[in-house]
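Chemist: Sequence:
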Amino acid sequence: MDFYQGWYEFEIGFGNLETEFWLGNKYIHLLTSIGKKKLYIYLEDFEGNSTYAEYSDFSIGDATTNYTLNVDGYNGTAGDSLMIAGDRNQNGMMFSTKDRDNDRYPDYDCAQKYKGAWWHNMCHWANLNGAYLGGPHSSFADGIEWFTWKGYRYSLKSTKMMFKGHL
1 MDFYQGWYEF EIGFGNLETE FWLGNKYIHL LTSIGKKKLY IYLEDFEGNS TYAEYSDFSI
61 GDATTNYTLN VDGYNGTAGD SLMIAGDRNQ NGMMFSTKDR DNDRYPDYDC AQKYKGAWWH
121 NMCHWANLNG AYLGGPHSSF ADGIEWFTWK GYRYSLKSTK MMFKGHL
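Residue 107 in full-length UniProt numbering sits at position 107 of the sequence shown, and the numbers go up by one each step.
Since the hints were derived computationally from the structure, they do not count as laboratory data. Where hints are given, some of them may not hold.
Label pairs and their calculated CB-CB ranges [said to hold, decoys possible]:
#1 G86 <-> Y108: 17 to 25 Å
#2 T159 <-> K26: 34 to 42 Å
#3 G48 <-> Y8: 22 to 30 Å
#4 Y108 <-> I34: 31 to 39 Å
Just so it is clear, CB atoms sit at the ideal spot from N, CA and C, and this is done for glycine as well.
Turn these sequences into a full structure, and let the hints steer you where they fit.
Modeler: Structure follows, in structure tokens:
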């Protein structure tokens with residue numbers, strides 16, 4: 001499935017719920033706006049290894065905030081690629097797509113340059129909607145990436161973002 005989609009597609013969702021899909025930012029917002037939610041991210045490489053990142057607090061804002069990402073409370077084995085301090089910290093960032101540039105990089109649209117809609121800051125440490133490049137690759141930061149696990153030149157085989165309510 002091609003995840004290099006525009007704002008409207010990411011807002012309403014696309015794909016097949018049985019296989020690959022993006023639920024839709026407006027629906028993720030609705031589901032995360034009531035009560036406390038936990039985010040679990042599962043990552044798998046082409047060698048059969050897997051890892052995870054979990055955030056004890058997760059929500060995204062509504063359309064008026066451009067679906068701003070809110071995460072906190074990292075735990076896991078993948079390393080924290082969403083909240084690394086500095087100009088690539090993705091917590092508090094607005095969602096960007098190839099046709100709506102909401103990142104903080106002044107010279108270009110990170111979603112266009114790195115082929116993935118995401119909560120880009122001065123681009124990213126994680127880009128789970130990047131291009132499916134089949135593992136190691138020579139291009140820079142445009143694959144399905146989780147920097148703290150595999151770096152910028154490895155595109156992951158599979159990822160899942162799951163959230164649920166908790167006390």
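Chemist: It remains to establish, for every hint, whether it holds in the given structure.
Modeler: So, going through the hints one by one against the coordinates:
no. : hint                     : in the structure
1   : G86 <-> Y108: 17 to 25 Å : holds (19 Å)
2   : T159 <-> K26: 34 to 42 Å : violated (21 Å)
3   : G48 <-> Y8: 22 to 30 Å   : violated (37 Å)
4   : Y108 <-> I34: 31 to 39 Å : holds (37 Å)
In summary, the structure is inconsistent with hints 2, 3 from the numbered list given earlier, while agreeing with the others.
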